[in-house]
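Using the hints, position chain L against chain C.
So the chains spell out like this:
Number of protein chains: 2
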Amino acid sequence: MYNFALQMPTKLYFGKGQVFEMGKDIAACAKKVLMVYGGGSIKRNGAYDDACKMLEENGIQWCELSGVRSNPRIESVYEGIRLCRENGLEAILAVGGGSSIDCSKAIAANVHYDGDAWDAIMKHAPQTDKVLPVFTVITLAATGSEMNRNAVISNLELNIKTAIMDDRLTPVATVMDPTYSYSVNAFYTAAGIADIMSHTFENYFSKETDAYAHDRLAEAGLLTCIQQGPVAVKEPENYAARAALMYISPWVINGLTRAGKSCGWSCHPIEHELSAYYDVCHGAGLAIVTPAWMRHILSDATVDKFAEYGVNVWRIDPSLDRYEIANRAIDCTEEFFRSIGLPMTLRELGITEKDKFEEMAQNIDNAFGNAYVVLHKEDVLQILEACF
Amino acid sequence: MYNFALQMPTKLYFGKGQVFEMGKDIAACAKKVLMVYGGGSIKRNGAYDDACKMLEENGIQWCELSGVRSNPRIESVYEGIRLCRENGLEAILAVGGGSSIDCSKAIAANVHYDGDAWDAIMKHAPQTDKVLPVFTVITLAATGSEMNRNAVISNLELNIKTAIMDDRLTPVATVMDPTYSYSVNAFYTAAGIADIMSHTFENYFSKETDAYAHDRLAEAGLLTCIQQGPVAVKEPENYAARAALMYISPWVINGLTRAGKSCGWSCHPIEHELSAYYDVCHGAGLAIVTPAWMRHILSDATVDKFAEYGVNVWRIDPSLDRYEIANRAIDCTEEFFRSIGLPMTLRELGITEKDKFEEMAQNIDNAFGNAYVVLHKEDVLQILEACF
Numbered sequence: 001m002y003n004f005a006l007q008m009p010t011k012l013y014f015g016k017g018q019v020f021e022m023g024k025d026i027a028a029c030a031k032k033v034l035m036v037y038g039g040g041s042i043k044r045n046g047a048y049d050d051a052c053k054m055l056e057e058n059g060i061q062w063c064e065l066s067g068v069r070s071n072p073r074i075e076s077v078y079e080g081i082r083l084c085r086e087n088g089l090e091a092i093l094a095v096g097g098g099s100s101i102d103c104s105k106a107i108a109a110n111v112h113y114d115g116d117a118w119d120a121i122m123k124h125a126p127q128t129d130k131v132l133p134v135f136t137v138i139t140l141a142a143t144g145s146e147m148n149r150n151a152v153i154s155n156l157e158l159n160i161k162t163a164i165m166d167d168r169l170t171p172v173a174t175v176m177d178p179t180y181s182y183s184v185n186a187f188y189t190a191a192g193i194a195d196i197m198s199h200t201f202e203n204y205f206s207k208e209t210d211a212y213a214h215d216r217l218a219e220a221g222l223l224t225c226i227q228q229g230p231v232a233v234k235e236p237e238n239y240a241a242r243a244a245l246m247y248i249s250p251w252v253i254n255g256l257t258r259a260g261k262s263c264g265w266s267c268h269p270i271e272h273e274l275s276a277y278y279d280v281c282h283g284a285g286l287a288i289v290t291p292a293w294m295r296h297i298l299s300d301a302t303v304d305k306f307a308e309y310g311v312n313v314w315r316i317d318p319s320l321d322r323y324e325i326a327n328r329a330i331d332c333t334e335e336f337f338r339s340i341g342l343p344m345t346l347r348e349l350g351i352t353e354k355d356k357f358e359e360m361a362q363n364i365d366n367a368f369g370n371a372y373v374v375l376h377k378e379d380v381l382q383i384l385e386a387c388f
Numbered sequence: 001m002y003n004f005a006l007q008m009p010t011k012l013y014f015g016k017g018q019v020f021e022m023g024k025d026i027a028a029c030a031k032k033v034l035m036v037y038g039g040g041s042i043k044r045n046g047a048y049d050d051a052c053k054m055l056e057e058n059g060i061q062w063c064e065l066s067g068v069r070s071n072p073r074i075e076s077v078y079e080g081i082r083l084c085r086e087n088g089l090e091a092i093l094a095v096g097g098g099s100s101i102d103c104s105k106a107i108a109a110n111v112h113y114d115g116d117a118w119d120a121i122m123k124h125a126p127q128t129d130k131v132l133p134v135f136t137v138i139t140l141a142a143t144g145s146e147m148n149r150n151a152v153i154s155n156l157e158l159n160i161k162t163a164i165m166d167d168r169l170t171p172v173a174t175v176m177d178p179t180y181s182y183s184v185n186a187f188y189t190a191a192g193i194a195d196i197m198s199h200t201f202e203n204y205f206s207k208e209t210d211a212y213a214h215d216r217l218a219e220a221g222l223l224t225c226i227q228q229g230p231v232a233v234k235e236p237e238n239y240a241a242r243a244a245l246m247y248i249s250p251w252v253i254n255g256l257t258r259a260g261k262s263c264g265w266s267c268h269p270i271e272h273e274l275s276a277y278y279d280v281c282h283g284a285g286l287a288i289v290t291p292a293w294m295r296h297i298l299s300d301a302t303v304d305k306f307a308e309y310g311v312n313v314w315r316i317d318p319s320l321d322r323y324e325i326a327n328r329a330i331d332c333t334e335e336f337f338r339s340i341g342l343p344m345t346l347r348e349l350g351i352t353e354k355d356k357f358e359e360m361a362q363n364i365d366n367a368f369g370n371a372y373v374v375l376h377k378e379d380v381l382q383i384l385e386a387c388f
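Protein chains in written order, with the working numbering: chain C, 1 to 388; chain L, 1 to 388.
Bound conformation, chain C alone (with noise of 0.2 angstroms):
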């Protein structure tokens, strides 16, 4: 293992009615702020209202942002930059998913950036020494973005999907409340959950075989989507599966289980290349990558780690061969995302064509530097095709 220094100095506020708690919070940094969202879901669910009641509670007065979409644009952040400078806004409310936030984020790191917020984007790093504070109210239980230091936005006119990342982006406090989670549904239920594993998958099948609390606490995050994911996806009120999903997701995103391993990442990055090309749901895109790319570098390097996988999260019997622990696990981790309503193939998700595969592999063709195992172009197009 690695050294490494990891702090999650971000406040969490818990459970239904907790986003009142907030408002002391941002009331200390801001007397005016943006608040951004998406669409109306935030209306329906009871978030927006209040989030109002709790800023107006609290004498923040505040501008919006809305129609910010998932796989949020780079003209979103122009927008929001604009309505901050304009209106000397001094902080970020993100209320929403992943998007909200990520905008959110990367608003904050250039309203005081004197360049394009673009090409901050594009050095990954914000460019100012001065990035407002953001908070958030999560009203999905997937990215956990309200937890963490990144923000990944897409210029669909360049075809790019790429992330900025801060300390400074790490939200101060967030609100986790189950109920507004509630509106969510099933296929974006499933597709949060999907992501949540990612997240925990990308970390967790890493060249490092020895951090033991860290992958104890991975499959943690596994077995408590794959327990409670189910429950959410078919009751969609039951605040205790909603709440278990809320809950972990940000743990296995935020550094806990991937501190001092070497985890570079891979099929989040095929996944924003068809979200960049395609624009589609980006945990549904995962889960359709996910057992192709499993099968696609099981060999006997990765099929110690695939049979742990096996035994410790699918509970498949020890005794068996290591290969065939691994193959269940994979079918196995097929089957879950299939059985929450997921699509498993690529033309399910609309894509009915192959005629970008090869500029979509040639674009990550050195992406995959630090990965578990490395892919290159071939490979790439090789999950590609099988998932296809």
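No lab work stands behind these hints: they were computed from the structure. If you're wondering where the values come from, they're calculated on a predicted model, not measured in any experiment. Accuracy of the hints is not assured; some may be wrong.
Since copy identity is lost for identical chains, a pair holds within one copy or between any two.
Calculated pairs, DSS-like style, for lysine-lysine (alpha carbon to alpha carbon, straight line, at most 27 angstroms) [stated by the list, open to error]:
(1) K24 - K130
(2) K11 - K130
(3) K207 - K234
(4) K234 - K305
(5) K31 - K11
(6) K16 - K305
(7) K123 - K377
(8) K123 - K356
Just chain L, lined up with the frame of chain C:
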């Protein structure tokens, strides 16, 4: 699950040589510090020399409070307060295990308090606005105090062992260098493992049955101890095993597995009586009390949780009768503690008379109001008898 707020601001520096990274954090808030430690072990394992060098390199002066014993005494707290006041010290650096850290926190809470420090401890909270920042270099995986807000202090004159708690006592930064724990002997390594497991049990066995993510994370803590604990006991210089124990220990007691659960502790109050009367090793006392407590509270109301524990942690066949699973799980727990070299009776621990049992049980007759199973004086007596 209850609503909760959760924040873990401590910055962790993990790995060999990482103590030198913490210098800048201390220098940012203090020019003169109190270094608190126990006996000679930190001079043998390199932690003392490294800490001194780190302070020197950062131009930080220091005084030393040494001789802090396990079950740290109020007398050491008084002495530390005196040193801080007389020398104008601005922060505390604990180098050692939980005792040095807890003593440091109690000092930090009272340097600027005009009253008697013991009064503040009996009130369980600082009685002043100004609390000194605490930094730690942990040399033993056990307490979790390096990342939480609690400190337990003993007053042997009064036979009282109790806690002072406050967010401001949470260490600002903590160094976890697994090589510093190489010199911990097999007995104290094992006692530390029992301590980590007991912290986990105290939160895991709760009336809350729907904290799914919490409980999978707790099981990850137990599995880490069960799998890597025996390795560390047998191979004291096994970096990966020492690292796993050091990394997992704070997460089972900093709120991650507890927040939102109703978790009145049971074994700790009983063990605190043993320590207060007989000054026994805390972890060893817990290892003895735990299986006896488990057997005492096993009933129709608790058997399902014990069966869950047995299946998920000890991998007992889930198709067995649930009492069979529960009893096997408790046997496994006891057998595990014995296998890592811990005494399993109070007599082995040097407590050869039962004459204080009545008094100890009386002391904590009202300590279990919020516990998984409420214990009364008679229950504690029976548990102590079973431990004898």
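Using 27 angstroms as the alpha carbon limit, work out where K16 and K305 are close: within a copy, between copies, both or neither.
Between copies only: 26 angstroms across chains, 39 angstroms inside a chain, cut-off 27 angstroms.
Within a copy, between copies, both or neither: which one fits K234 and K305 at a CA-CA cutoff of 27 angstroms?
Cα proximity of K234 and K305: across copies only (25 angstroms, versus 31 angstroms in one copy).
How would you label the pair K11, K130 (within, between, both, or neither) given a Cα cut-off of 27 angstroms?
both (21 angstroms within a copy, 22 angstroms between copies)
Same-copy or cross-copy closeness of K207 to K234 [CA-CA at most 27 angstroms]
between (37 angstroms within a copy, 26 angstroms between copies)
Identical-chain pair category, K123 with K356, by Cα at 27 angstroms:
within (26 angstroms within a copy, 68 angstroms between copies)
Treating 27 angstroms as the Cα threshold, decide for K24 and K130: within, between, both or neither.
both (22 angstroms within a copy, 22 angstroms between copies)
Can you tell me if K31 and K11 fall within 27 angstroms by alpha carbon in one copy, between copies, both or neither?
within (20 angstroms within a copy, 29 angstroms between copies)
Treating 27 angstroms as the Cα threshold, decide for K123 and K377: within, between, both or neither.
For K123 and K377, only the intra-copy Cα distance (24 angstroms) is at most 27 angstroms; the inter-copy one is 65 angstroms.
In the structure shown, no violation is registered for any of the earlier numbered hints.
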